[in-house]
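2 protein chains.
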Amino acid sequence: MKDVKAEIITIGDEILYGQIVDTNAQWMSEELSNTGIKTIRKTTVGDVRKDILASFSEAEERADIILITGGLGPTKDDLTKPLLAEYFNSPLVINEEALTEVKIFFERRGRELTKLNRMQAELPEVCTKITNRMGTAPGMWFEKDDKVFVSMPGVPIEMKTIMLEEVIPKLHEVFNTPVIYHKMIKTIGIGESFLSEIIEPWEDNLQGNIKLAYLPSAGQVKLRLTAMGGDHAKLVKDVDEQIEKLKPLAGKYIYGYDKTKLPAAIGQLLRENNLTIATAESCTGGFLAYQIISVPGSSDYYIGSVLSYADEVKMIELRVSKQSLEEHGAVSENVAVQMAENVRKRLNASIGLSTTGIAGPDGGSEEKPVGIVWIGYSDENRSFARKFQLTTDRLLNIQLTTNIALNILRVEMIKNNA
Amino acid sequence: MKDVKAEIITIGDEILYGQIVDTNAQWMSEELSNTGIKTIRKTTVGDVRKDILASFSEAEERADIILITGGLGPTKDDLTKPLLAEYFNSPLVINEEALTEVKIFFERRGRELTKLNRMQAELPEVCTKITNRMGTAPGMWFEKDDKVFVSMPGVPIEMKTIMLEEVIPKLHEVFNTPVIYHKMIKTIGIGESFLSEIIEPWEDNLQGNIKLAYLPSAGQVKLRLTAMGGDHAKLVKDVDEQIEKLKPLAGKYIYGYDKTKLPAAIGQLLRENNLTIATAESCTGGFLAYQIISVPGSSDYYIGSVLSYADEVKMIELRVSKQSLEEHGAVSENVAVQMAENVRKRLNASIGLSTTGIAGPDGGSEEKPVGIVWIGYSDENRSFARKFQLTTDRLLNIQLTTNIALNILRVEMIKNNA
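Protein chains in written order, with my numbering: chain W, 17 to 434; chain G, 17 to 434.
By construction, these hints were calculated from the structure, which means they are not laboratory data.
Some clues are possibly wrong.
Because identical chains share one entry, a pair is satisfied inside a single copy or across any pair of copies.
[Stated by the list, open to error] Derived lysine to any residue pairs resembling SDA-like cross-links, with alpha carbons at most 25 Å apart:
(1) K119 / L416
(2) K21 / S315
(3) K384 / D316
(4) K250 / D220
(5) K199 / S212
(6) K66 / L265
(7) K145 / N225
(8) K21 / D67
(9) K54 / A266
(10) K163 / A70
(11) K275 / V171
(12) K119 / S209
(13) K384 / N397
Produce the entire structure from the sequences given, and follow the hints as far as they go.
This is how it looks when you write it as structure tokens:
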């Protein structure tokens, strides 16, 4: 089967000049890859007429599918739409459906439609409008000979919604793409090289049509299995068999598969065990809570949190004893345990989880350097805290602490189940 | 003065297939821009011979400077060096200086030089070696007619060190680059199209050497001014003058400039006014607190938060009256005001800020649809809450609510100062 090739064109001075990082192109190429479409090139051009037009014609030479993002706003420096009209030699006309959608979008927000907003409903006559549920600039689908051009807004949530709901299914249909099956195995609590050692015998025996990739990120390692062949059901079966063989080696590190995120996996475990949770955060400052509540429906098991940034709050709200704070300091085993225990009792939750540490970049000492973190856990049977020495990067420390805390919670729940 | 144009070529399947985000290209173009070199295109190609060679010759047509990263590792899929040798028709020979550097690099780490590592000292005869202090693959500098090609490793710390210490100074010298000055004006509280309307008279009167761009993101709009000319001091003065003219039209929406983020701007205002803040979050579930504490040193003004996800917590910790919860519901003006007021008093802060709403995707009703949010504010003189109707996307709603809440806080502090 012939490869279906895609080129991604990102338009905008802000990307070209490095004022923002282009995460769209990365996301799109990953999605394309999951669909069996091969990205052969990514191109970024600025808000310059001749450069944009050149990128269209060059991409048309190379690729079957040309995906374009950016330059669809209502202002003067947004050139994508008029240039697509020029490229396809098709006049801009009001698309009545798009106009209705823009009107509804503004009505819902109780805002008036400006002249500029109205212009967003003008599309090249020859294109098919793609509904943008998340914003006011519609996407556009063009077909020319055997090639497809798709233009989408650069705002990530708008582009992603359009890609997943409209573009990917339509590309599948038009290009009859080959069958590829990806399965992402998500692990936490073990580093890439250690994981690689313990699963080596399994990796060496993988079938020929299944490829393995390691994708490490803050405190986690994802294993991606990619199977390619003619029959979807067969691929799923092959991959599932391999996962069953992997479990005896690394099962305890696996918290989920595919798009399952750690907070969602934790939420599932809490729900299954009829447990509720409360958190007491110092150094993570709300990020732990935010991760837990990022899951829809988390109000079923998440009670609340006390963010005790100041020591006074640790005392007033969490009843951490003044003596402990003075003797051991806020960043200590003793205080972490009290925080977890007291927030659990006070908010009447099954489990309490706490964090206290020095996120940095300042505030460290020789005895307690930046990156030191205590994580506390408490349920009705036991309370404890564990110490970790992390990095000197503030935001990375907050993220790592949150992941480790969630993993402690996961391990405890599994232990209590066993 | 003629523009000096650069093209950035990133080589590697892992970037092309979206397995990693290409942060190098963003960083490089920002540095080039600060040096007065205009990036006119970014291109990403995979580890494919003909695609890499094509990218070289296409870039040579368009740009004066071609910066290449990636594909310099010691393994078989690293094609950049042999293909540069081919492109410049120059044999790979051991560069004695590079060999010495690689040897020293390994000695320092107490490791032995492998045959693969030795090969890293082989460079096309025609190039000038660029020392890589941070790794084992040297950079390469080629000159051809009036064009410069530079090849660098893809490891960010290696590329950045080489760029700052070697490449940028050398480019400055060779190309006698013009002066460019960028200023980013950051606004919140007004949409792109409305902002565009109120600043139209100013925009129409901008001097010829100053360009304006709109960069919208969740609830914010950034205005980028780019000035180009011969004299840095003159450009700074020109841009500052334009900003002074902008202020009467849009000053109240401006919270900062350049790399200043909203939480840092808020932190600065709190600090200047000797104020402290506590938050009571329901629908934002910690994200508001996290944004505030993401700023280093925020413990000076941030006291803490009560995350009252469950109604019980609103009652127990925030003393929200049971009657209010029953009469008005948790998502109401009455409850938002009580949350802000009570968290301020309880945690003894100057200001209390609260959020309560339906983040979605579920939990909405006809009367209170998904996306409805009340944001409460309280200081010693006044307490109030405002209602907003946001989107149906859970995470976007959390982000928007947080930005709006921070902006309410900003506006109140400015008002109290006036």
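Mind listing which of the numbered hints don't hold for this structure, in increasing order? 2, 6, 7, 9, 13
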